[in-house]
Amino acid sequence: MTKITVGLCAGTSCHLMGGMDLVTVVEELKKKLGDDLQVQKHTCLNQCRKGPNVTLNGRLFLGMTPEQLKNEILALHDLEEEKNQ
Amino acid sequence: MTLQVNEVTKIRRKVLTETARLHWNGSLVKQVDQLPERLTAEHEHRYRCCEFKEKAIYAERIKLAMGLSLTPEHAKKRLSTLARHSLTHSHEKNRSQVEVIDIACDGCPIDKYFITNACRNCLGHNCQQACPRGAISIVGNQAYIDQSRCVECGLCRKACKYGAILEVHRPCEAACPVNAITADQDRKAYIDKEKCTDCGNCMVSCPFGAISDHSQLLKVIDWLKGEEKTIAMVAPAVIGQMGQKEKLGPLFQALKKLGFDRAEEVSFGADLVALGESEEFVQRVPEKDPYLLSSCCPAFVKLVKAHRPDQSEHISTMVSPMAALAKVMKEEMPDSKVVFIGPCIAKKREAMESKIVDGVLTFEELAALFVAADINLATLEAMPEASSRASKDGQGFAAAGGVRDAMAKGLQRYGQVDFRGGSAQGLDECLAQLKLLEKSEAPFNFLEGMACSGGCLGGPGALVDTRQTKRFLELRGSQLACQASGDNPEALEKVKEFGHRLHKQSKK
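Chains as they are written, first to last, in numbering that gives the first Met the number 0: chain A, 0 to 84; chain D, 0 to 507.
Here chain D stands alone, though its shape is the one from the complex (with noise of 0.2 Å):
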């Protein structure tokens, strides 16, 4: 899919933004109930019936901006009631990341097939012949379905000789892989939190705009502004998603002038689990395991485990870069908050899990941030960058076929090694892989699933097209001192050291 940015991504950066400089400049509480007046006022564009639903889509948006829940019980608060509220208590923590904006939804239309008015009421009457289940009769001089006895299999739309029968879709439910998303009653979207894997592609497949994230931005510039120590780790994905090309340096000067005590690339933590999961390979592949699952994305692992539960012992027991890099990062400045910066959104809900990663934002996020707070990246003078701790096999876990291929060279130490590595982008595809492992038809024995097409650089929270971040990525790839995760020196050390602390523990 091309990534462009489109009137609904711009209200929920612009509410992101917004909502993030009140809280940079102390005044949250004071002005953030005259917030959705402001945003409906510099909008020129009227999408909704009213200036009051618009703004009261607004009031939701900032609510979600603010990263709390769209309950009923926080339907009936004022904002800054709100505002004082999120900024005292932590949040509930077993919720799905992703929510529906109720009132933004337009509860699209539910029935598939739909005659219009291009029905002719011919003599043939195709489309009635066609149903299998004759729910269609002609009434009034034109053909029309029996919403009741229509089965959705699309025979009459294929025989009526005028197309004169649409195949109408709710964008959010054809987008999730997994049925998570759902037409309540009232028509309007419903998300089973069992089911979803915080992939993401709802929220951005909807025209409405209608199903957003919720942010940690609040927490995060508390943080920044207050006593802690914060440690920023950006997700490999990072290249070229700032407009700098495929340089960071303008990027890390700008983290350090928000307050970051320390950035760093989570693609040094790509090195120890490319490291520590082609060691785990050799040991359980084949002899105690016919084959190994990636573990680095949070929405195939959970996909794994509430899709296709059987196959969940095959993960591997390493835990994500994201994680591998905190706890070295704990142990290297204890009692600092870690920030995760990357383009996924069930990052937020693996970090909220892990317990280890304090806080999580997207690099959607994260520019509002910059923006917040009056930082310009194309300003920033050039300054040399810093060698980097991570390989370019690390790096290459941005992209889809990176973790496999980082796997293929991590497993030459060891020998002569039977590994054939598959990979699979997109949930749909991850389902498909993981049905042909099961029944062992899959030409490969490790599967690398992304949830998002493209792999991390595709997901929801990234603001270039795949198209440009992988052209970047591959050029700091070759530029980069040290190629291959195996001839990376302190990698090496780190898996020593760290050793069984990488994976995860099993819960027996």
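Only chain A is shown next, with the shape it has when bound in the complex (with noise of 0.2 Å):
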């Protein structure tokens, strides 16, 4: 099983900066990745100036952006799966 936490600020200051854009993205994401992907919201994650921020599998992203965050996560996705190979 391979499994991807991804992390998105909910907070305004992400918000405003395009947060919601990559919360279509993950939802996007999960229909096709299903149960491998887990969704956690942050209140903040303390970089408002550069957001919108997301935590991949604990570590920082800061001005993400939809395409980008999709890269990423599928990119995490193919090296899960290598592993478990």
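The reader is advised that the hints may include incorrect statements.
To be verified - Quick list of the computed label-pair ranges, beta carbon to beta carbon:
1) D:48 x A:37: 52 to 58 Å
2) D:45 x A:79: 35 to 41 Å
3) A:49 x D:488: 46 to 52 Å
4) A:49 x D:106: 39 to 45 Å
5) D:50 x A:57: 32 to 38 Å
6) D:24 x A:61: 21 to 27 Å
7) D:137 x A:49: 50 to 56 Å
8) D:189 x A:37: 49 to 55 Å
9) D:120 x A:37: 56 to 62 Å
10) A:79 x D:48: 42 to 48 Å
Worth flagging that the hints you see were computed from the coordinates, not collected in a lab. Every residue, glycine too, gets a C-beta built ideally from N, C-alpha and C.
Once you've looked at the hints, go ahead and assemble the two chains, each given alone in its own frame, into the complex.
Right, here's the structure in full:
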């Protein structure tokens, strides 16, 4: 079982900088990856000036764009799949 | 159109936030001169030719965020001087809400058809034969369009077998349904304020972020920090905008934290309008008037007045939901400052003209203000939401078709009424339907006109895409205790109490 945990910041600052677009991307990926993708919510990651911010398996990513997030998650997923084989 | 936060939007929001932050902390005049430099340094990407141009554009954006027009007179002054001026003077009333930032405007090509290198200089020369004006000649192994002869018919493009002829649009011009924005001599965009409806389409569509509106953040911050009593009136379209799904509790709490003495839903004003406008309909249609036009969207009202003046007598005399609620508020809390918060830019003009609403912020500007004041809605404890004064119908004004549906329901009280409601979203569609009405070919006798696609939910000041907010709007609507405007006892009472005061005085 491969597990990726993505943590989206729901703080107002990240929301203003496009946090909802990241939610949309994650919702779409969730349809494809199912339980392999766990979604968390952060209230603030204390890097408001650089938002929208995201954590991926605990690692902090600043100023995320929807395309970037999609690529990062898929890359992580491929990596985990390879390991399992 | 899908709403996605691109770089242009981020820059605008950053400027709003940082300008508001300076004023919130009381250091605007002292530090605003350094702000363009700071913003340029913080932003890693460079878009313009050099750092200096980038800073100059930031300075222009800051002026708009401070509510100033970009006049030649303002161009020469320092930001700190302008900030001091902006804080102590009221702004000129007669102006367009949207302005072009000249130095940010890329002066996109005016020529509509353009022959690319894909031209093979074939034997057929179909383009040349297709051109009705003989504007195409062969120069240096390639077809060439003499732009002085070109009438932009597009036949050459259709004729070319290689697809070598490109059709170029200026995004701002293409976005404006009333041709209010054109290129001036130096190819920069120019807005004709008589024609402009302040819908905000051009602002959203410019890929260079060269068009923006004036913000009223500074004066609202002054009221919040000062002695004034302040009331926040949030538009029905607020549901789902602040990232709190269908809940309004955290938003109301945040508004209180910001310093507003009261926060109210304009949906209640919409209930009053639904009731008043249905009464007006019964009185006017069909005996005195063949049809009625809705009056709640200020961009639609301006569209009719400026572009279809003969039909303006058919506009309902009801004030907008914003103005209706403001009237109630000013009576409940005299001497208070009333601030409308919505997705709309045209409301800024309406408020200025109505003289009853003191300030207008967009959802975008409000969120920027929250960030500036370090208020994070996600960390606010969920408090039980006070029961809403509004009905589902009133709240429904936020989405296209909502006014029509509320009218249809409101008219049930009058027994048999010949009501055929139509709705148009987007100014293009509004114009088309108005033409049908004029020719008596329309299948309806009431037209709800909304300048934005999707209704107010799709406004230029919105933060979240219509597809999501529509879901939340419906969810919250189903949770409301009162479903129809006609079942809202408080609304019925207020309509009776305010009577003709909810109608605009005819200027005769």
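Checked hints:
1. For the pair residue 48 of chain D and residue 37 of chain A, the beta carbons lie near 46 Å from each other, so the given range of 52 to 58 Å is not met.
2. The beta-carbon spacing between residue 45 of chain D and residue 79 of chain A, approximately 37 Å, falls within the hinted interval of 35 to 41 Å.
3. Distance hint check for residue 49 of chain A and residue 488 of chain D: the Cβ-Cβ separation is about 50 Å, which falls inside the suggested range of 46 to 52 Å.
4. In this structure, residue 49 of chain A and residue 106 of chain D break the distance hint of 39 to 45 Å, their C-beta atoms being roughly 33 Å apart.
5. For residue 50 of chain D paired with residue 57 of chain A, a C-beta distance near 37 Å keeps the hint of 32 to 38 Å intact.
6. A beta carbon spacing of about 24 Å between residue 24 of chain D and residue 61 of chain A agrees with the range 21 to 27 Å that was offered as a hint.
7. Between residue 137 of chain D and residue 49 of chain A, the C-beta spacing of about 54 Å keeps the proposed range 50 to 56 Å intact.
8. Distance hint check: the CB atoms of residue 189 of chain D and residue 37 of chain A are about 53 Å apart, consistent with the given range 49 to 55 Å.
9. Distance hint check for residue 120 of chain D and residue 37 of chain A: the Cβ-Cβ separation is about 60 Å, which falls inside the suggested range of 56 to 62 Å.
10. As the Cβ distance of residue 79 of chain A to residue 48 of chain D is approximately 45 Å, the hint placing it in 42 to 48 Å holds.
In summary, the numbered hints that this structure violates are 1 and 4.
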